[in-house]
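One line per chain: the protein sequences are V and W, in this order. Residues in the first sequence are numbered consecutively from 72, following my numbering. Residues in the second sequence are numbered consecutively from 78, following my numbering.
Be careful, since some hints might not be right.
[Said to hold, decoys possible] DMTMM-like, lysine to aspartate or glutamate: derived pairs with alpha carbons at most 20 Å apart:
no.: 1; chain 1: W; residue 1: Lys120; chain 2: V; residue 2: Glu249
no.: 2; chain 1: W; residue 1: Lys213; chain 2: V; residue 2: Asp355
no.: 3; chain 1: V; residue 1: Lys331; chain 2: V; residue 2: Asp345
no.: 4; chain 1: W; residue 1: Lys120; chain 2: V; residue 2: Glu232
no.: 5; chain 1: W; residue 1: Lys213; chain 2: V; residue 2: Glu362
no.: 6; chain 1: V; residue 1: Lys331; chain 2: V; residue 2: Asp355
no.: 7; chain 1: W; residue 1: Lys213; chain 2: V; residue 2: Asp148
no.: 8; chain 1: W; residue 1: Lys120; chain 2: W; residue 2: Asp136
no.: 9; chain 1: V; residue 1: Lys82; chain 2: W; residue 2: Glu317
no.: 10; chain 1: W; residue 1: Lys213; chain 2: V; residue 2: Asp144
[Said to hold, decoys possible] Across the chosen pairs, the derived CB separations fall in these ranges:
no.: 11; chain 1: V; residue 1: Arg303; chain 2: W; residue 2: Phe355; range: 32 to 42 Å
no.: 12; chain 1: V; residue 1: Arg303; chain 2: W; residue 2: Ala272; range: 51 to 61 Å
no.: 13; chain 1: W; residue 1: Arg359; chain 2: V; residue 2: Ser313; range: 18 to 28 Å
no.: 14; chain 1: W; residue 1: Gly195; chain 2: V; residue 2: Ser202; range: 41 to 51 Å
no.: 15; chain 1: V; residue 1: Arg251; chain 2: W; residue 2: Tyr332; range: 19 to 29 Å
no.: 16; chain 1: V; residue 1: Ala231; chain 2: W; residue 2: Arg359; range: 46 to 56 Å
[Stated by the list, open to error] Here chain W is said to cover these stretches of chain V; the calculated rule only asks that three of the stretch's residues, wherever they fall, bring their Cβ under 8 Å from a Cβ of chain W:
no.: 17; stretch: 89-103
no.: 18; stretch: 120-133
no.: 19; stretch: 136-150
no.: 20; stretch: 179-192
no.: 21; stretch: 225-238
no.: 22; stretch: 344-354
no.: 23; stretch: 361-368
Think of the hints as simulated: they come from the structure by calculation, not from any bench. We treat Cβ as the ideally placed atom computed from N, Cα and C, and that holds for glycine.
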Amino acid sequence: MSFDAVAQQPKLLYLLQGIAAFAAVVSLILLALHQGPARRRAAALLLLAPALLLLTVGLLLPGLRTVLLSFTDSSGDAWVGFDNYVWMVTDPRALVALRNTLTWVVLVPLTATSVGLLYAAAVARSRFRTSALSVVLTPMAISFVGAGVVWKFVYAYRPAEAGQIGLLNQLVVAFGGEPRQWLVDAPWNVLLLVVAMVWTQTGFAAVLLAGAIRAVPGELTEAARLDGASPRQIFWRITLPSIRPTVSVVVLAQAIGTFKAFDIVKTTTGGQFDTGVIAHEMYDQAFRYGETGRGAALAVLLFVLVTPFVAHQVRAQRRAG
Amino acid sequence: MNGVRERLASRAFTSAAVVIAVLWTIPTLGLLLSSFRPEEEIKTTGWWQVFGSPRLTLDNYREVLSGGANSSGRLAEYFVNSVVITLPSVLFPLVLAFFAAYALAWIDFRGRDALVVGIFALQIVPLQMALVPLLKLFSQGWLFLPAWNLTGPARFGQVWFAHTVFSLPFAVFLLHNFLAGLPRDVIEAARVDGASHGTLLLRIGLPLARPALVTFAIIQFIWVWNDLLVALTLSGGTAETAPMTVRLASMAGTYGNEWQRLTAGAFVAAFVPLLVFFSLRRHFARGLLAGSVKG
Numbered sequence: 072m073s074f075d076a077v078a079q080q081p082k083l084l085y086l087l088q089g090i091a092a093f094a095a096v097v098s099l100i101l102l103a104l105h106q107g108p109a110r111r112r113a114a115a116l117l118l119l120a121p122a123l124l125l126l127t128v129g130l131l132l133p134g135l136r137t138v139l140l141s142f143t144d145s146s147g148d149a150w151v152g153f154d155n156y157v158w159m160v161t162d163p164r165a166l167v168a169l170r171n172t173l174t175w176v177v178l179v180p181l182t183a184t185s186v187g188l189l190y191a192a193a194v195a196r197s198r199f200r201t202s203a204l205s206v207v208l209t210p211m212a213i214s215f216v217g218a219g220v221v222w223k224f225v226y227a228y229r230p231a232e233a234g235q236i237g238l239l240n241q242l243v244v245a246f247g248g249e250p251r252q253w254l255v256d257a258p259w260n261v262l263l264l265v266v267a268m269v270w271t272q273t274g275f276a277a278v279l280l281a282g283a284i285r286a287v288p289g290e291l292t293e294a295a296r297l298d299g300a301s302p303r304q305i306f307w308r309i310t311l312p313s314i315r316p317t318v319s320v321v322v323l324a325q326a327i328g329t330f331k332a333f334d335i336v337k338t339t340t341g342g343q344f345d346t347g348v349i350a351h352e353m354y355d356q357a358f359r360y361g362e363t364g365r366g367a368a369l370a371v372l373l374f375v376l377v378t379p380f381v382a383h384q385v386r387a388q389r390r391a392g
Numbered sequence: 078m079n080g081v082r083e084r085l086a087s088r089a090f091t092s093a094a095v096v097i098a099v100l101w102t103i104p105t106l107g108l109l110l111s112s113f114r115p116e117e118e119i120k121t122t123g124w125w126q127v128f129g130s131p132r133l134t135l136d137n138y139r140e141v142l143s144g145g146a147n148s149s150g151r152l153a154e155y156f157v158n159s160v161v162i163t164l165p166s167v168l169f170p171l172v173l174a175f176f177a178a179y180a181l182a183w184i185d186f187r188g189r190d191a192l193v194v195g196i197f198a199l200q201i202v203p204l205q206m207a208l209v210p211l212l213k214l215f216s217q218g219w220l221f222l223p224a225w226n227l228t229g230p231a232r233f234g235q236v237w238f239a240h241t242v243f244s245l246p247f248a249v250f251l252l253h254n255f256l257a258g259l260p261r262d263v264i265e266a267a268r269v270d271g272a273s274h275g276t277l278l279l280r281i282g283l284p285l286a287r288p289a290l291v292t293f294a295i296i297q298f299i300w301v302w303n304d305l306l307v308a309l310t311l312s313g314g315t316a317e318t319a320p321m322t323v324r325l326a327s328m329a330g331t332y333g334n335e336w337q338r339l340t341a342g343a344f345v346a347a348f349v350p351l352l353v354f355f356s357l358r359r360h361f362a363r364g365l366l367a368g369s370v371k372g
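Please model the complete structure; the sequences and the hints are all you need to start from.
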C-alpha cells in the first residue's frame, strides 16, 4: 500500500470546505460592518464576537471545568475531594515527575541562558552574526519531536562487541569505557533529556541577548576601555548590567516553556525509566490511562506553577521594552 | 599590554563561540548524513564513518514517504495531513484576532479596557488546562453544547478549533499592541471623511498591521506544524487525520531502532519549517520575544 493520491482528495476537499465556510463568515461580518451605520458599540461587538465566543467555549469554560474535574474520580462524575492532589504528592511515579520538572526548570533556563549569553557576547559585534545565530537557532525550527529523534540517536546504544552508532557511546568507547544504555539509567537520563532541551532553547536566548548587547551604547564601553578596563571587566560591569532586563525576560520565558515540555520526553523515553515530567504525566494519566481526575489535577498544578512566572514575565517585558 | 589582553580575551570568546556552534551542529549533521546511508550501514556503523566509505542512497526517504510495509513511515499521507491542519490553523486565528484587535485598539466603547485585560490574561492558561474538557465536549457535548461526533476528515475540524482558540489570546495581544502603537490621527482623519469601520479595517488597518500579521503567521505556522500535544489528543492518531509529528513520535517509540526510517522521517518533517525559517529569518527572530509567553 504505497502513497495513494486519490485517498487524499477527501482531506483536501474538507480543507477547501473549511476555508470556504470561514470566508463566508468573515464576508458576512465585513458586509454587516459596511452596511451598518457607524454605531461604535455595534461595530465593536460584531468584530469581537467570534473571538470572544471561541475563547469562552474553547478555553474559559474548559479551563474552569478542568478545575472541577480535578476534584472528581476517573469517570469525572463522582466527587473525591482532594484525593487527586493527595495522590500527586504521595504516588512514587507522580513524585518522580514533580522532582524531574523541578530539575528541568532549574537547569534548562540557567544553562541555556548562560550558554546563549556567552555565544551572544562573542558574535554580537561580529560580521558573521546573522549566520552564527542561525546555527544555534536551527534546533528551534525542527520540532521538539525532531530534537527528540536527534538526541535519541546521539544516545543510541549497541553492545560493547558491536560498533557503536551513537555519538556519546562512541566517545565513551574511544576513551576506553563501556558503552551504556544512557536513556535507561536513572537518574542521569533526566540530565541527558535536559541537554536535549537546552539544545533547543539556547538559540532563542542567543538571538535576544545579541540584540540587547548591540543596543548597549558604544560610548559606554569605549569610555571604560579608555579608562583601562579589561574586556572581562567591561562585560561584567557594563554590558551585563545594561542587558539585565533582557536576561530576566529570557530566563522567565524559558522557565515557562520548560514547565510545559512534553514532546522531548514523549519521543525519547515515553516517560519510562523515571524520566516523566508533569506535562507528560498529565498526558499519560488523562489520555492513556483514562484517569481524568488525576490528569486534570496535574493540569491545574501546571497552571498554578506557571502563573507567577508569566506575571513576572509581563512585568519584565515591559521593563525590557 | 591592554591590547594583548584584549586580543587574548576576544580570541577566547571566539573559540568558545566556535565550540558552541560545532556542538550545536554535530547532532543534526549526524542525523542528516545517516538519513542518506543504506539501512545495514546505519544500524552497524557510526555515521562518522561515512567519510571513509561514502555510499549514499535516497532509499530511506522513498521508504519513509511511501514504502509498502505497514511499519514504513507512510509519511506522504501524514504530510498532507500536516498541511491540511496547518493552513486553517494559521488563517483562522490570524483573521479573527485581527478583527478583535482592531476593535480593541481603534474603537472606543464602554468596557473595552476590561476586555483587553481579560483576553491578555488568558495567555496564562496552559493548553493542558483545556484538553480534557475539549475532548469530552467533542465526544459527549457539554451543558447546552451538543457533541460534535466527528469522523473521517471532519476530525481536522477539532484540531483547527483547538489551535485557533489556543492562539487567540496571544494573537490578539500581539496585534493589539501593534495597532495601539500606531498614530491615531491617520484613523481619525479617515473617520472624519465618513468611512465605515469596514473600510477603515480593510483600507487602513490591514496594510498598517502587516508586519505584525506576518510575525504572527510565521510563529503560528511553525508552532502548529511542530505541535505534538494537540495533535495527539485531538487528531485521532491515524493516517487519515494525524500530522507528521504524531507519526514520527510513534515511530520513535514502536520502531525505535529503525534508524533508516527515523533519520529520514525527521528531516521530512523538519523540511517545511526549516524552509520557512531560513527564508523568513528576520521575522522569525522578531517574533520570538513576542511569543515567549504563549501557551
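Verification of the supplied hints:
no. : hint                            : verdict
1   : W/Lys120 / V/Glu249             : holds, 19 Å
2   : W/Lys213 / V/Asp355             : holds, 16 Å
3   : V/Lys331 / V/Asp345             : holds, 18 Å
4   : W/Lys120 / V/Glu232             : holds, 14 Å
5   : W/Lys213 / V/Glu362             : holds, 13 Å
6   : V/Lys331 / V/Asp355             : holds, 14 Å
7   : W/Lys213 / V/Asp148             : holds, 12 Å
8   : W/Lys120 / W/Asp136             : holds, 15 Å
9   : V/Lys82 / W/Glu317              : holds, 8 Å
10  : W/Lys213 / V/Asp144             : holds, 15 Å
11  : V/Arg303 / W/Phe355: 32 to 42 Å : holds, 35 Å
12  : V/Arg303 / W/Ala272: 51 to 61 Å : holds, 59 Å
13  : W/Arg359 / V/Ser313: 18 to 28 Å : holds, 24 Å
14  : W/Gly195 / V/Ser202: 41 to 51 Å : holds, 43 Å
15  : V/Arg251 / W/Tyr332: 19 to 29 Å : holds, 22 Å
16  : V/Ala231 / W/Arg359: 46 to 56 Å : holds, 49 Å
17  : 89-103                          : holds (count 7)
18  : 120-133                         : holds (count 11)
19  : 136-150                         : holds (count 4)
20  : 179-192                         : holds (count 4)
21  : 225-238                         : holds (count 8)
22  : 344-354                         : holds (count 3)
23  : 361-368                         : holds (count 3)
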